[in-house]
Amino acid sequence: MRKLLQACLWAATTVAALAAGPARSQELVIGLQAPLTGSQSQYGELFRNGAQLMVDAVNAQGGVHGRKVRLALEDSKGDPKEGVAIAQKFAEDPRVLGVIGDFGSSVSMAAAEVYARAGLPQLTPSSSHPDFTRISKWQFRNIFTQAHEGRFTAQWLREAGVRSAAVLALQNDFGQAVTDNFARNFEALQGKVVARELVVPGTRDFRATLTRIARGKPDAIFLGLFYEEGALVMQQARQLGLDVRFFSGAGIYSPRLIELGGKAVDGLQLTSGFYPASTEPRVQGFVTGYRARFGAEPGLYAAQAYDAAGILLEALRRAGGAATRAQVRDELEKTRGYEGVTGRTSFDAQTREADKPFIKLVVRDGRFQPAP
Amino acid sequence: MDLLQQVANGLGLGFVYALIAIGLTLIFGVLNVVNFAHGEVYTLGAFAGVALVTLAPLPLPVLLAAACLAGAAAGWALERAAFRPLRRFRDEASQKSRLLRESTLLSSLALSIVVKEALDLWFGGAMLPIPPQVLLQSPIRLGPVVLTDGLLLIVACSVGALLFLQWVLRRTATGLSIRAVASNRLGAQHTGVDIDRTVVMTFVLGSALGGLGGLLVGLYDGSVFPGMGFNPGVKAFIAMVMGGLTSLPGAVLCALLLGVSEAVATDLVGSGWKEVVPYLLLLVTLWLFPRGLFGGAKERV
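Line by line, the protein sequences are chains A and B. The numbers in this note's numbering rise by one with no breaks, and the one at position 139 of the first sequence is 291. The numbers in this note's numbering rise by one with no breaks, and the one at position 165 of the second sequence is 169.
These are calculated hints, taken from the structure and not from any lab test. In this text, a Cβ means the ideal position worked out from N, Cα and C, and glycines have one as well. Accuracy of the hints is not assured; some may be wrong.
According to the in silico footprint, chain A covers these stretches of chain B (three or more CB under 8 Å from chain A) [what the hints assert, rightly or not]: (1) 6 to 15; (2) 128 to 134.
To list a few chain A residues with every Cβ distance to chain B over 10 Å, as calculated [said to hold, decoys possible]: (3) Val248; (4) Ala444; (5) Arg469; (6) Asp500.
Starting from the given sequences, assemble the full structure and let the hints guide the process.
This is how it looks when you write it as structure tokens:
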């Protein structure tokens with residue numbers, strides 16, 4: 153019943169918003185490009201929900217400088233070509249003052265070239281390829297880079313007594329970056345990398361790859377995968393009888409990892425930027441709000457998008473009532489100590505990289521728990 | 005020893021492709037048109053099985069039967085929606101028309117996109133959670149090699165399906181009419197074969213196997229999602245082309261060859277090369293045997 157009411161309310165506000173055509177010029181528009189359909193649509197959905205929750209919260213408190221904020225959604229389908237087309241569309245629309253997105257590094261980086269030329273600030277909540285922010289001064293990210301994460305995870309594995317590791321990652325910009333950064337740091341700490349396996353995204357049978365990895369007898373396998381592939385890899389590894397520890401960066405974090413992987417993902421140790429069971433009131437408020445609105449658990453990417461929208465809106469607010477894209481960019485650069493649900497975030501003025509805390513988690517008894 | 009394990013892994017992949025290739029080849033043989041929606045029939049079978057087991061903890065045979073039924077129903081509907089309307093032109097010129105063949109090809113492609121996007125909207129693009137008790141991943145140790153119950157079941161079903169189809173084709177009246185339509189549709193029509201009924205039977209048979217395959221693979225890999233039909237569908241298509249387009253045993257053998265080559269290539273060169281191998285094999289085959297490995301004497305390419 154509550155859902156039905158929500159749906160009606162949603163429909164009514166949408167119709168009202170459409171009917172109120174002339175009022176649109178008063179709105180502030182921020183763009184969101186994400187894979188809303190296609191094989192990555194589950195992540196795009198988290199993006200949309202997270203960002204919308206923040207935008208609605210700000211609108212409920214009167215918007216930014218008395219103006220309502222509208223989130224303009226575009227579906228990139230996880231395709232770099234679509235990403236470029238969307239970037240062109242946003243760039244040509246003078247009302248759009250900033251863009252959140254895209255999800256994957258490949259799409260974000262393709263779109264970034266357009267945003268760089270057009271001079272439109274782009275803030276990605278998830279793309280962690282090191283080259284992204286180097287494209288121009290218009291690119292920002294609200295997630296730690298693979299360079300940070302590689303250093304952190306390599307050290308963690310060494311401290312946990314792992315002497316030799318194999319890397320299993322996706323064959324795309326994300327997976328390449330995970331592999332390079334982890335392997336470089338792990339070797340620098342006298343660890344041995346026995347295999348670097350890159351699998352084509354969309355692979356569902358990893359048995360051949362796992363058999364090859366097992367031959368090197370690694371102490372641990374480090375995963376550069378998202379939760380779907382992660383769950384499959386761990387299930388199939390258990391089935392093949394691999395006796396090995398699993399580690400991963402934050403990319404794999406999602407409540408659905410456990411839902412899909414069941415017992416097989418028990419023991420996985422991972423970093424995360426978001427821990428929904430945290431006792432912090434800000435995090436709890438977000439989690440309950442998300443559950444009530446969407447009837448699902450928020451994953452890392454929902455939290456990331458929520459904070460990205462928050463940071464962008466904060467920059468809009470500081471840029472004043474008649475902000476230009478350049479002013480919004482300058483204010484984004486000055487983001488310091490933003491208190492979000494993914495921790496205290498500051499942007500480095502030179503590199504436009506986010507400085508955020510890491511959390512160590514472990515999957516135990518079917519739950520994510522803080523790792524010792 | 006690792007090589008043996010890789011061959012086992014590869015046979016797993018190969019039999020998965022084979023299950024799809026059988027239905028695809030059967031339908032191609034009769035209509036002379038590639039059914040692009042076959043991958044979606046496979047997906048629907050998997051979704052039907054998983055949706056059912058999420059509602060009630062039914063035993064595996066019931067689920068497999070349900071996947072078969074869902075596949076058969078999807079095949080029947082597919083034939084109605086995408087193929088029959090384009091068969092209403094009965095004259096000889098239309099039946100040989102290239103344009104009409106291409107239209108049929110596109111209508112099945114269109115329907116496959118509609119089905120995939122509908123599943124995507126309804127269930128979301130993510131993988132469905134599968135209750136662990138129905139997963140076909142229990143290891144079975146055979147000396148140095150680890151197999152699974154899923155693999156054995158897939159092998160049994162593929163071989164069973166192949167033998168069953170051979171029996172249907174050689175020993176039953178329906179099989180006779182399928183073979184008649186495949187060899188010369190106009191001739192069959194003139195001798196009183198009910199073309200529509202035969203085509204429907206072909207679709208139902210091929211799609212039932214497709215649906216069954218979808219669920220088996222979903223439970224074996226632990227992965228059911230709207231886009232699951234695409235990749236194996238392409239590999240099955242390659243197997244069909246390599247096998248000579250209309251030969252069922254040819255398609256199965258080539259599917260196995262593809263699977264084993266992928267696994268062995270993963271071991272020898274690395275995971276990144278796995279996807280290149282089937283296409284290389286296809287190129288080499290078409291270069292040396294333009295009519296496929298089991299294409300027979302009929303001029304096709």
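Hint by hint, here is what the structure shows:
{"no.": "1", "hint": "6 to 15", "in the structure": "holds (count 5)"}
{"no.": "2", "hint": "128 to 134", "in the structure": "holds (count 6)"}
{"no.": "3", "hint": "Val248", "in the structure": "holds (26 Å)"}
{"no.": "4", "hint": "Ala444", "in the structure": "holds (19 Å)"}
{"no.": "5", "hint": "Arg469", "in the structure": "holds (34 Å)"}
{"no.": "6", "hint": "Asp500", "in the structure": "holds (34 Å)"}
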